[in-house]
Amino acid sequence: MRKVIPILVAVLTGLTVLADFFITHPILDLVGRTLLQWAMIVAAFAFVAGLLNIFFTHTSRVFHREKGWGYSIVVILAMWTVLVFGFVGDGPHGYVVSWIFRYVQYPLQATVMALLAFFALSAGYRAFRRRTLESTIMLLSASLVLLGYAAIMTDLWPVSALKEWVLSVPAMAGVRGILLGVALGITATGLRILIGMDKPYSD
Amino acid sequence: MIYCPNCGTANREGSKYCNQCGARLTPEEGIICQICGTINSPENEKCVNCGASLKPAPPPEEKPAEELPKVPVFPEEIILTIEEEAPDFLADLRAKVQEVVLPEEEREVVPPEEEKPIFIAEERYEEEKPSEEEELLPPPAEEKPAVAVEYREEELPDWLKEAEEIVLPPEPSAPADWLKEVEIPWLEEEIVEVPVLAEIPPWLEALRPVEKAPEAPPPEEEAEEMGVLQGLKGLLKPAAIFGPPEKIPLRGEVAELSLGGEEVQKLIKLKPAAPAVKIKAPPKEIRTHRLLHFILLLAVLIPMLLGWPSMPSGSPPTPPGVEKFFQTVEALPPGSFVLVAFDYEPYMAGEMESVAYPVLTHLKGRGCRVALISLNPAGPALAQALGERAGFLYGEEFVNLGYIPGVEAGLRALGTSEGWLVRYDYLQGKPLDSFPAFQSVKGLKGWNLIVLFSGQSSTLLGWIEQVGSMVEAPMVAGVISGLKPYAEPYLGSGQLKGLLGGMADAAFYEAMLGKPSAATRAAPVQAFALLIALLVILVGSLMRGESHA
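Residue numbers (our numbering), protein chains in the order written: chain A, 689 to 891; chain B, 682 to 1230.
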C-alpha cells in the first residue's frame, strides 16, 4: 500500500492536468488550476528546505572544524543577516536587503561571470587545434562566428553576413534537432511517469 | 625479509634502512621476536610484525624447598637412556608403520636435511631462553642421584628393564670428541656420569660440526646499471614474489646481511651529493595562459579607457530579429499593456540590462503600461531597479508582480488563472486590484505584448511552449548572445515576433531608437576583445599545429 498510494496520486494528478490541457470543462478546469497552484506552493517551499539544508550543513562544518569552516561562518552570517532584515524591515525590497543585493550579490556574481571570459580564452587556445578534419572544421566555424560577432561592429560586414548564414542554417539545424529530441524525450518520460513505470517522486 | 620495527614494512634481506619510512632495520640492540623473527627495538614490548609479546618469561619465583610442589620427575639417567634408545625404537616403529600404512614405493626414510629447520629453530630458542629440557628438568641438586637409583631399582616397569638390557652395549665407549665441544652443560655432566653410551641419536648427530668445503667461486652476477647502486654486484637479491618462506635470519646472520647495506652506505657517501633542487619557474603552459589573460585584459581595458572603437559610422545591416522587434514595439498604440518577464540571474545582468534597458525606454516612449514578472527569485529586484531607471512611475506606468515559482507549472497556472495569479504587488504589498491603471488586465488576458528577457533556455522555452498557445498577444524576446541560437528557430516559426541576441543586437536597437546608451558603448569594446581572442586562438593553433599538449 505504501508503494501504491504514491503511484495513484502521481498518475491521477498527471492525467487530470493533462486532461485539463485538452478538455474544457468547468470542474476539470477548477481541479487542474488548483493542482497547478499546489505545485507552485510546493516549488516555493523547496526554497525553505534548501535554506534549512544549507544552514545545517554549514553549521555542522563549523562545529566539526572541517576544511574551510571559516567560509561557512560567513555563509551563515550572511544568510541570517538577509533573513532578519527581510523579515524585520520592509521585506525583500527594503533598503538594507536592496543594498546588499545591489552592491554585494550583484557585483560578486558579475565578477565570477567575467572570469569566464579568461577561462574561455585559455580553453579555446588549448582546444582549437588542427588534429583531425572534424577539429579543423570546428576551428573554422568558431573562427567565422567569432569574426562575425567582431566584424558586425566594424566595416567588415560581408563577414558578418557569412556569420549570419552559419548561425541561421547549420547551427539552427542542429538546434532544431536538439529541441525535437528534447521534446520527444519529455513526451516519453511523461508517459512513463503517467503509467507508473518511472517513479521519480519515490526514488 | 626484514620487517621494519617502525612501520612493519617488509624490506629485502640486507637492507639497513626501511624503504618506506627510512627507519633503521638493524638496531644495535634489538629484540628478536620468538614467533616470527622480526627484529624489534629494545623498547618495544610487542612485536611490530606479529604482535607477540617480546618480554621474556618471568623467572619462577624462588620458594623454599619445602613449599615446592612435588612433581614426579624422571631422573636424568633414565631420560638420557631413553633418548639414546629412542632412535632405534622409533626406527623400528617407523618401519612397522610404513609396512602397514604406506605402499612400498613410498616408503622412505626422512632425510636429515628435512629436520634441519627444526634444529635451527631449537638453536635460536636456546640463544634466547632456556631450552625446553632445561625448563623441564630440575636444577642439579644433590638429592637427585639417590632418587634416581631408587626409582630405577624399585619403580622401573618390566618393559623398560627389557629395553635397558637390550640397548646397553656390553662395553662402554668413550664419548666422541666433537660431542665434548658442544656446549650443553647438563648433557656433558650426564655423559660423564653415565658409563655407557648408546648410539648417537639423529638429533645429536645433527649437532656434529661439518667441515667447511672449499667454497665455490660465486657466480658472476650482473652489476647494477643505474642509480646509487651502480657498479655494485651481488648485494641485492631479487625478492621472490611467490615461494616458500625464507629462513628467518638470526641476530648474527642479520649482522652479516647488513654488511651489504653498510657497503651501500659507504658507496653513497663516496658519490657526489646531488645538486639542491631549485624552485622551478611556472611551467611554460601556465606562463602562456597568464600571457593570454593579460592580453585579454588589455583588449578590454584600453578600448574602455580610450573610447575606441565606436559604432561604425556607415549603415551596417541591422539583424532581422532586431528589426522585427523594433517594429513590433513601434506598432503598439499608446497606453498598451505590456507584460515583461525578467528571467535571468544577477551574474547575467551586465549583458541583459544592456538588452532590456533600450526596450523599456522604447516602451516608455510609446506610453505603454508595463507589468514586470519573473520566474527567478532574484528577478523582481532586477526588474524593479531597471523599471525605475527607465523612468516609469510605479503604480501608474508599471507594477511589479514579483516572483512566480514552478517555471512550467507557474506559467501554466498564470495562463489558466481567471484573476491575478499573485494578489499583491512586490514593492508595496498592495492588492493588485487597487492599481487603477491595471484594472483591465488579469492573468494573461488583456495584454498587447509579452516581452521576454531570458538568460536560460528553460525559462525562454517555458514561456514559448506553455504560454504562447494560450495568449493572442505577440511575444518578443531579448536573450544573452549564447542563447540566441536556441531562440532563432522560434523566430523563424513566427512564435517570436522579434529577437535581440546579446549586446551587439542591443546596440543596433539603440541605434534604431536614436538613444545610444550602455550597449552602444560596450558592444564595440566587446567586439574588439572578441577579435583579439580570435587572433590569439588562431595564432595558437598555427604555432602548435597538430602537436598535443
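Among these hints, one or two may not hold up.
Unchecked claim - Chain A residues, not near chain B, derived (Cβ > 12 Å throughout):
no., residue
1, I693
2, T769
3, R814
4, L879
What the hints assert, rightly or not - Derived, one-sided and incomplete: chain B residues facing chain A with beta-carbon distance under 10 Å:
no., residue
5, P963
6, E1004
7, M1029
8, V1088
9, Q1109
10, E1153
11, Y1167
12, A1210
13, L1212
14, L1219
No wet-lab data here; the hints were simulated from the structure. Heads up, the beta-carbon is just placed ideally off N, CA and C, and yes, glycines get one too.
Hint-by-hint comparison with the structure:
1. I693: 22 Å, holds
2. T769: 16 Å, holds
3. R814: 6 Å, violated
4. L879: 17 Å, holds
5. P963: 14 Å, violated
6. E1004: Violated, about 13 Å.
7. M1029: 7 Å, holds
8. V1088: Hint holds; V1088 of chain B Cβ to chain A Cβ min 8 Å, cut 10 Å.
9. Q1109: Nearest chain A Cβ about 9 Å off; hint holds.
10. E1153: 17 Å, violated
11. Y1167: 6 Å, holds
12. A1210: Check passed: Cβ of A1210 of chain B comes within 8 Å of chain A, closer than 10 Å.
13. L1212: Where the cut-off is 10 Å and the nearest Cβ of chain A is about 4 Å from L1212 of chain B, the hint holds.
14. L1219: 6 Å, holds
When held up to the earlier numbered hints, the structure conflicts with 3, 5, 6 and 10 and fits the remainder.
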